[in-house]
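K.L.:
Listed here are the chains, written in short residue letters.
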Amino acid sequence: MLQSIVHVCLAGLSIGMFIWLVASGLTLIFGVLKVLNFAHGTFYMLGAYLCYWILGRMGENFWLGLIIGPLVVCAVGFVIERFFLRHVYHLALPYQLLLTFAFVLIFDDAVKILWGAGSLGSPSVPGLSGSISILGRNFPTYSLFIIAVGPFVAIAMWAFLEKTWWGKIIRASSSDRDMAAALGARVPALFTAVFVIGTWLGALGGGLAVPYVGLLTPGMGEAIIIDAFVVAVIGGLGSLKGAFFGALIIGLLSSFGTRFIPTFDMFLTFILMAAVLLWRPQGFFGEAK
Amino acid sequence: MEKRGITRREFVKAGLLTAAAASLGAGVFKPTGLWAATPTIKGPIKLGYQAIMSGALAGYGEFHKMGVQMAVDELNADKGIAGAKVEVEFRDSTLKADEAIKNARYFVDSWGADFLGGIDSSGQALALAPVMAELDRILMVTHAATEKLTEQQVFKNGIKQVFRICTPTYQDGNAAAFVAKDLPAKTWATISPKYEYGYTCWNMFKETLGKLKKDASFTAESWAPFGTTDFRPHINTIMDAAPDGLYSTEWAGELITLVKQANQAGLFQKIKHVMFPVGAAMDALEGLGQEMPENIWISGRYFFLYPADNKNRAWVAAFKSRWNHFPAYVSETGYSTLFALKKAIEATGSKDTAKVIQALEGMEIDTPAGKRVFRKEDHQAMYDVPWGLTKTDAAYPFKVMGKQVMVRAKECFNRPPFEGAGTKPPF
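Protein sequences appear in the order of chains D and R. Per my numbering, residue 1 is the first one in the first sequence, and the count goes up by one each step. Per my numbering, residue 1 is the first one in the second sequence, and the count goes up by one each step.
For the record, the hints were derived by calculation from the structure and aren't laboratory data. One or more of the hints may lead you astray.
[Stated by the list, open to error] Facing chain D, a subset of chain R residues (Cβ under 7 Å, in silico):
id: 1; residue: G112
id: 2; residue: P233
id: 3; residue: T257
Cβ atoms here follow ideal geometry from the backbone N, Cα and C, with glycine treated the same way.
This is chain R alone, in the form it adopts within the complex (with noise of 0.2 Å):
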């Protein structure tokens, strides 16, 4: 029979403890682990979090919801956020930047919102800044990765409240450069998505490889439109171009259809070194099935089998017991945007927009991907995901990172004040 609460002579000894802190003084002595006093905070601690929630990317939602909710019941069956149940409602995002704001201004004004987190699309989280800071809440950004939200909103603009739980598209772009140069491949040529995330991600690649490899050079692009289902004319272009490496931040359903119609193509077989910023997502890993060639390379904002640590392998098994599925990328992120904001609560013994950005700032917590720090500078969390080879491995019915490389997030992420020499990797 499992025990409840706590002995006697725990009661005693806890209580011993406490007395003798609190005899020598906050100031002097400040109680910490097991036996520090939990600051209590009245009231629920209300997040309300965005993800997109219909259309062809509703999956992402789900998995959104996945995370967060397991948090929640996890927070709330030992003793909330200093004491505080926590309570969380969802809403679809529908991936537009008014939908966004309509709904941030709603889990405030209406709700009582004291967090918010989520958001998918670069273009909504750029245009939710300002509210926010308006407003006056922290948005914790599980997904969208533009780096123009970090350096530019938070760092340049000054606004406060947007933190990034995810890592932006340094891990696409810098961090696929540093592996790209080691790769015997000299030319490279990209389909992407046709807006600003596939035009960032590959420019910075371009940029970064360019100043790593002095000999690469980038031969053709073929930007696809949101949406397209059909990749054959891109196909016929990459093919046409012949390029030694390919380069796609397509993500999603879209990458799916592209990696199925490039088998059928003979893609592969033609084009050696193929890196996907974004293979590693489960919803790709999954949909693809056998269908994924081996060899290729892959990333993501986190992998399921990384880090191996027993704090991450406990997280998959009770993740994969509840819900049936491997945790996603964003169920990770979800899932640690309340445990992040559990910890600056409990720091700073307040849910004050205030005092919780200045814990979060700096702030170093342990997730199931590893050790994060939220930069203080730019409000991005500083964590190491890392490029694999794709494998077959007869544990899972999808392919896994083989080899794996890790371009540790302090060499390829650029650098406060992001501007100027010395700002951008190679450092």
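This is chain D alone, in the form it adopts within the complex (with noise of 0.2 Å):
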């Protein structure tokens, strides 16, 4: 039971931390940004086809594909937010969601032409492809590996926001946009910057599931989008410190209900959900209005 209930866990936070880097790019861009980023998902998808497309080109160097990868997309990111979303800010978040969605289409389609419509099986990453023994039963090194790199993100991402020179204009201008550009903050320069930031989370993100997922596919990115929603609602939209820990809750739960209540396990996360929606709207970290 013991050995049972610790892999249960180990599995749980493994998902977590996986919902959590993908949260952590959603939730930056509407914390600062204001932006319901529906493309998020597609980034999460095109850094998985870029990282595996490399892999498969510099001689099975997972870890090369996981630096290049993301890069490329934040280049995309650059693009939509330099050329396309800009000017629809000042527009209703209707608006948003569609050029946002938009891209989601445009991009599933490109990698269908690119890569093919069917799904793609990616091959193991030497190194990390082997399991250790816990408690007698085997689990994954890269799902360790994986519980390692979600606290570590987390951590560098509240140094860079709470602790740099940096970090005190992005809050100052996602607090007031229009005062920090009266005190000479180049508030769209920003934006950019943060635009690609998150790019670049939910790309990694994807260059991470690669060997986590074993599966590319050209929906790949909407299935997890709806979890990283979920999770940035619960947590309280636009703070990481809600992502993270409304991530490692979504992921424990859907662990837990799938191991011990597997008839509600779908539900467990809609009822939290639910119940975050009626009793506490904000989310468990968001700031009330």
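Combine both chains into one complex, guided by the hints.
P.N.:
This is the structure in structure tokens:
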């Protein structure tokens, strides 16, 4: 029983950390730009496909793919923000959703043209494809790695936003755009930078998913974006701390639910979300408006 | 140089024979074989074909298309169907029932389809059946597997417009039980899709194996929702139960993910008897490559190396050279759909729905998958697909079936009237 609980816990942690990696970029972009970026799942998908592609070209070097892939996606994010999204900031939310959703469709089809509509099985990563025995049952090394990467990204983002000069400017622009601009912050450039960082996080999540899910499909971004949205809502839209703990809760809930109350496991997440929306609509760590 | 058309001598021979046949009168002597005069039908014969072409399963749509397109080109390069050109239009079914109905209405009302084909999901097939009765067009289902389509909609509710050319859940549930009864495994568990298809197959497997092997017991079930990317909690459930055998109707991408994650968790070392009813699908075999373990029981709706006869070999070779892929089972069912329609239309000399239904009922046809017979009562195509153990073959970059076991369709498919004694295997 102990063996089972420990393993269910570990599986839950790795699921949660995965959702966090995707939700972090989404939350960052919403927190600062106030844009609900539907195309975030697309960045995840592009990150995965590019990482996979580089993995095939560069002599099976996964780490190289993980560095280069997300950087290429950053360029895509830059173009989207600089030339498209910027023009709809002053419009109502539905316009932003429509525009970002258009990019979802465009890139889904682009991926189909470039890599085919079928699913691609990805090779395992040398060095991380094995598993280690924990209490007599194997647990994949790569999942442990994901469990470690999650908090690392969280701490790095926290340090960047709270402890650096850049972070201060970003926080200032996010709380009052006009005042920050009046005080000399180059808000448009800053927004572009934040969008690109958010894009990078989404693409990194996609790259890390390659050996984790073991499969690439043209619609892969849409599935994860729903989890990321749920996490962002539970934690409080725009709150990185909220997204982190929200992801942990959802990960553990789905893992324990599947193991111990399988009949209701699909509802647990949504019951939690409904409860949060009813009693604490701003989310666990969101600021009340 | 290739000679086009027929030589004068052949022309004369054909003319004499036809004249001889005609002089004997239609009622006395029916021309058959090479010299039979194919009835000619006016206008193109239009097939509206829908399959999943977006989202995670879009690859299936591509494979449907390859098979159908190949058949259309082959037919049109020859004489079409009964002298009429064949036209096909593809639409994305999106796996949603209302979209399937919308497509069907568009095909018939706006595009003027004579026949419909395709359909991947059981839910879509069940919802579409009454619409086919209303539109009065034949729908040839090429992928959706629920037995309720043929047992209830066709047999019980009398919707004669629906036919199915692929194997139904009997192959996944009943045939699997016949294979499992001879394995040294008493306790069984499942990780399967958390929807109709997954539940139906597992129940069928349990019921049939329970009858075939009295001491079999079923110890754990873990149901994975559509779109699961992390099977570790499910794998934990199964490993806690520690059964002798694992049965899973996960398919497509989710099967690939399941196998990879089960490999990492060491599941295949602990559980020796594993059965994947849809494991012989090309997307799963190619997607897993060498990561598919050895000695796993797999099957499908068609496997490209079976039957090992010339017709199938030639078809697989033609498919490979045209598309640079091995045919998926939906390619075979899509391809054979057109030839089944051709045979029925030419037999009856008309594309009229009622007449073609009559011609299809009980019709026998040779296809790449072997001989198929459309059962008269429920319109289910009866044909045999093997179960086999995975093994490495140097000729392919993926695992293929090594040792094969054949459970004949007539032994494992439920029989009409589908209720009461003697309708479910074993017979």
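K.L.:
With reference to the structure, classify each hint as holding or not holding.
P.N.:
Cross-check of the supplied hints:
With 7 Å as the threshold, the beta carbon of R:G112 stays out of range of chain D, its nearest partner Cβ sitting at about 28 Å, so the hint is violated. For R:P233, the interface hint holds, the least distance from its beta-carbon to any beta-carbon of chain D being 4 Å, beneath 7 Å. Annotation: interface hint on R:T257 holds; nearest CB of chain D at approximately 5 Å, less than 7 Å.
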